[in-house]
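Let the sequences and hints guide you as you build the complete structure.
Residue numbers (this note's numbering), protein chains in the order written: chain A, 1 to 93; chain B, 1 to 93; chain C, 1 to 93; chain D, 1 to 93.
Keep in mind that the hints were calculated from the coordinates and are not lab data. The C-beta atom is built at its ideal place from N, Cα and C for all residues, glycine as well. Hints may be right or wrong, so weigh each one.
As the list claims (entries may be wrong) - List time: in silico DMTMM-like cross-link candidates among lysine to aspartate or glutamate, alpha-carbon distance up to 25 Å: (1) C:K51 to D:E54; (2) A:K90 to D:D33; (3) B:K91 to C:D10; (4) D:K56 to D:E32; (5) A:K90 to D:D41.
Said to hold, decoys possible - Under 8 Å between C-beta atoms, here's a sample of chain C residues computed to sit facing chain B: (6) R23; (7) R27; (8) M28; (9) V85.
4 protein chains.
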Amino acid sequence: MQLSKDKRQDFRSRLSRIEGQVRGVQRMVEEEDRYCGDILDQIHSVQQALKSVERKIIRNHLETCMTDAIRGGDEQAVQESYDEVMDVLKKRI
Amino acid sequence: MQLSKDKRQDFRSRLSRIEGQVRGVQRMVEEEDRYCGDILDQIHSVQQALKSVERKIIRNHLETCMTDAIRGGDEQAVQESYDEVMDVLKKRI
Amino acid sequence: MQLSKDKRQDFRSRLSRIEGQVRGVQRMVEEEDRYCGDILDQIHSVQQALKSVERKIIRNHLETCMTDAIRGGDEQAVQESYDEVMDVLKKRI
Amino acid sequence: MQLSKDKRQDFRSRLSRIEGQVRGVQRMVEEEDRYCGDILDQIHSVQQALKSVERKIIRNHLETCMTDAIRGGDEQAVQESYDEVMDVLKKRI
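Structure representation (structure tokens):
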């Protein structure tokens, strides 16, 4: 993935935070008296954090691969770059 | 969370697999030549795995808390148990 | 679907509003100078309205079918009522 | 929305089919003995059909507005076109 140094660092810290959140869920599941609504809320937070990473990757793709393809002017490459974005969206929307 | 020993063990191994998947995403983000579609696919797998855990927690809630409330016969407790499930669904549906 | 008269009336007016919203989207699509972000926002409203109907149907199911099954005490019927709810959730979560 | 004649016709027939599906849900809700799982399945079909329309609008946006902005070369317009897509995705992913 084409990424500026700052962006790569941002992904790194986001993903390491997410890893910590998943370990938090693991600890919650061990506790007999933990209300399951709390665990579901924590899983929801992990999912929101992952979605935020996904959106940042998609934006980076638009800014780099898709923009390069459109500027490059090769019509087939442009169509492929649209298809790639749509494949990503098809799994999510 | 009220959980049988087997189910707790199942959650444990699912969550530890998810933690490993998140570390996999971290490694992918470090690779310059990794296609962003691959990273998005891996994140998608993490999310599907988290959803599967969520559904199992919800089913466990129906089987334990909600069923106990309905069998208990206290109408207020029953209403609260419906509300709890709906709170969980409102964030997801 | 087991529904009180009031609830049926509520579903009726929600669905007729949704039908009107879909016709609104149809009109927007005909307008050359309509910004596509507006159309997507309107479709989003339709989807939120549909999700709200879905959640009301699910709550009604918990309050009627599932509760009847649990009170009835036939263990197989109870398991089937859990399975039914989970089938519904599997398509949505 | 910038749309070819064929695409506009395609949206027209998709949306008119969706309107028919919503009327189908209305009829189902009136039937006392209709299983609520069936109604939820029908609503799910409406939602999938709406998502398909959404994805087609998003692709059309990439192919027209975003591509025009990138080819136009005005950096501010390009950034705005990325922001627009991301606003759309933020509500959905």
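For each hint, the structure was consulted:
Proximity of K51 (chain C) to E54 (chain D) is assessed by CA-CA distance (about 16 Å); at most 25 Å being required, the pair is judged to hold. Between the alpha carbons of K90 (chain A) and D33 (chain D) the distance comes to roughly 36 Å, so the proposed pair goes past 25 Å and is violated. At roughly 22 Å between alpha-carbon atoms, K91 (chain B) and D10 (chain C) fall within 25 Å of each other, so this suggested pair holds. A hinted pair counts as satisfied when its Cα atoms are at most 25 Å apart, and K56 (chain D) with E32 (chain D) does not qualify at roughly 37 Å.
This hinted pair checks out: K90 (chain A) and D41 (chain D) have alpha carbons roughly 20 Å apart, not beyond 25 Å. This hint is violated: R23 (chain C) has a C-beta 25 Å from the nearest C-beta of chain B, more than the 8 Å allowed. Hint on R27 (chain C) is violated. Least Cβ distance to chain B is approximately 28 Å, over the 8 Å limit. Nearest Cβ of chain B to the Cβ of M28 (chain C): about 26 Å, over the 8 Å cut. The hint is violated.
The restraint placing V85 (chain C) at the interface with chain B holds, with a minimum CB-CB distance near 6 Å, inside the 8 Å limit.
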